[in-house]
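A.B. asks: For reference, the chains in residue letters:
Protein chains: 2
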Amino acid sequence: MFYATARLCRVCWSATFAEQEKPAQDPTALYNLSYGLFVLSARESGKDNGCIANTCFQVANDPTKLVISVQKGNLTREMIERSGAFNVSVLTESVPFETIRNFGMQSGRDTDKLAGFETKRSYNGLVYLTEHTNAMFSCKVLERIDLGSHVLLVGEVTQSKVLGKEPSCTYAYYHKAIKPKF
Amino acid sequence: MFYATARLCRVCWSATFAEQEKPAQDPTALYNLSYGLFVLSARESGKDNGCIANTCFQVANDPTKLVISVQKGNLTREMIERSGAFNVSVLTESVPFETIRNFGMQSGRDTDKLAGFETKRSYNGLVYLTEHTNAMFSCKVLERIDLGSHVLLVGEVTQSKVLGKEPSCTYAYYHKAIKPKF
Chain A
1 MFYATARLCR VCWSATFAEQ EKPAQDPTAL YNLSYGLFVL SARESGKDNG
51 CIANTCFQVA NDPTKLVISV QKGNLTREMI ERSGAFNVSV LTESVPFETI
101 RNFGMQSGRD TDKLAGFETK RSYNGLVYLT EHTNAMFSCK VLERIDLGSH
151 VLLVGEVTQS KVLGKEPSCT YAYYHKAIKP KF
Chain F
1 MFYATARLCR VCWSATFAEQ EKPAQDPTAL YNLSYGLFVL SARESGKDNG
51 CIANTCFQVA NDPTKLVISV QKGNLTREMI ERSGAFNVSV LTESVPFETI
101 RNFGMQSGRD TDKLAGFETK RSYNGLVYLT EHTNAMFSCK VLERIDLGSH
151 VLLVGEVTQS KVLGKEPSCT YAYYHKAIKP KF
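For the protein sequence lines, the chains are A and F, in the order given. So the first sequence is numbered by the working numbering: it starts at 1 and just counts up by one. So the second sequence is numbered by the working numbering: it starts at 1 and just counts up by one.
The hints are simulated quantities; they were obtained by calculation from the structure and are not laboratory data. Given the structure is predicted, the values throughout are model-derived calculations rather than measurements. Don't take every hint at face value.
A pair holds if it fits inside one copy or across any two, identical chains being indistinguishable in the list.
Derived pair list, reagent style DSS-like, types lysine-lysine, alpha-carbon separation capped at 30 Å [said to hold, decoys possible]: (1) K140 <-> K165; (2) K120 <-> K179; (3) K179 <-> K22; (4) K165 <-> K176; (5) K181 <-> K161.
Go ahead and model the full structure; you've got the sequences and the hints to work with.
C.D. replies: Right under this line is the structure:
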C-alpha cells in the first residue's frame, strides 16, 4: 500500500513537474551579462575624486536619464550623493591597466586620484578624462535607490560630448585583454 | 565707460569660466555606452510572452539582484509587473536577426511570439530560450522605479544557469554584424 502510494505520488509529481527545473543558481552565469567600463567623477569642497564603474546606461529619453550603480563604501559615491552631480568618462579599449588600478583599487581618502591624468572641467565644474575615453556625460542626480551593497543613482544628463572614435572598453574586453594574468 | 565695464565683465567671466564648457548635449555620445542583448519572458493566465531588452545587469550580491529596463508600452512589461516574475535569456553572437525581429519588432498582443522557438520551462514556470543563449536567470520582482518612458525593475535571482560558451551578443555587435543594412 505504501509503495503504491509512493508510486502514484512519483507518477503524479513527474506529470506535474516534468517540464520544471530545480531552482539552483550558478554564479558564473552572471559573467555572461555585458557591461562597459567607466570613470565616475565627483567634486566636493574643492576636492576632485573618481572611481571605476562597470554600470552606466540610458534609461529614459526627453530628458535623457542615465543610471549608474556604485558600491556603498565608495568615497566618490558619498561625494556624488552630497553634491548631487557626477560625470561619466567612457573608457576605450586602449585604456592601460594603470588607469583601472588608480581609480578602482585605492581610495580617494588616501590619495589624489586625478594627479597625473589628462582631464578637462565640464560646465558643472567637475573633471572628466580626455585620454582613453570616447564620450563624457555630466549628470544631475534625480533619484537614489538603495540596493543593499550598492546604490543606483538616476541622473539627468546636463552635458554630453563625443571624445573619440575608438571602441568602448567592455568589461569582457577588460578581463580578456587589459587585466594582468598572474 | 560702457566699454570698460563690458571689458571688465568679459575679463571677469573669462577668469571664472576659462576652464568651463558650454553645457551642450551630443546624443551620439549615448552610442558609446555598452549594453548586452536579452530576451525577457513572462507568463500570465497560461500565456507566455517575451520581448527584447538591452539592459540587464547585476546590482547587488547576497541575494543577487538584477535590474532590467523595459519600455512602458510593452505587453511583457505589464505581464512581468502583474505576475511579479521574469526570466532573462542572454543572447549570443550567433543569434539571427529573425529572433530580434520576432521578440523586438511586434507585439505579443497580436501573436504568439514563442511559437517555433526552442525553449525550456524554469522552476518558476516561465520559459527561457535554449538556442543562441549562454545563460538564463529567473527573477522575482522586488522593486519598481518609474522613469518616464521606461520602468526599471529590480529582481532577486531565484534560479540561474549557464547554457553555453559562445560570447554574449553586445548591442554594439548587434549593430555591426546582425542588423541588416538597408
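A.B. asks: Now tell me, hint by hint, if it's right for this structure.
C.D. replies: Hints, one by one, checked against the model:
no.: 1; hint: K140 <-> K165; result: within (26 Å within a copy, 40 Å between copies)
no.: 2; hint: K120 <-> K179; result: within (26 Å within a copy, 36 Å between copies)
no.: 3; hint: K179 <-> K22; result: neither (36 Å within a copy, 36 Å between copies)
no.: 4; hint: K165 <-> K176; result: both (21 Å within a copy, 15 Å between copies)
no.: 5; hint: K181 <-> K161; result: between (34 Å within a copy, 26 Å between copies)
The structure is inconsistent with hint 3 alone, although it conforms to all the rest.
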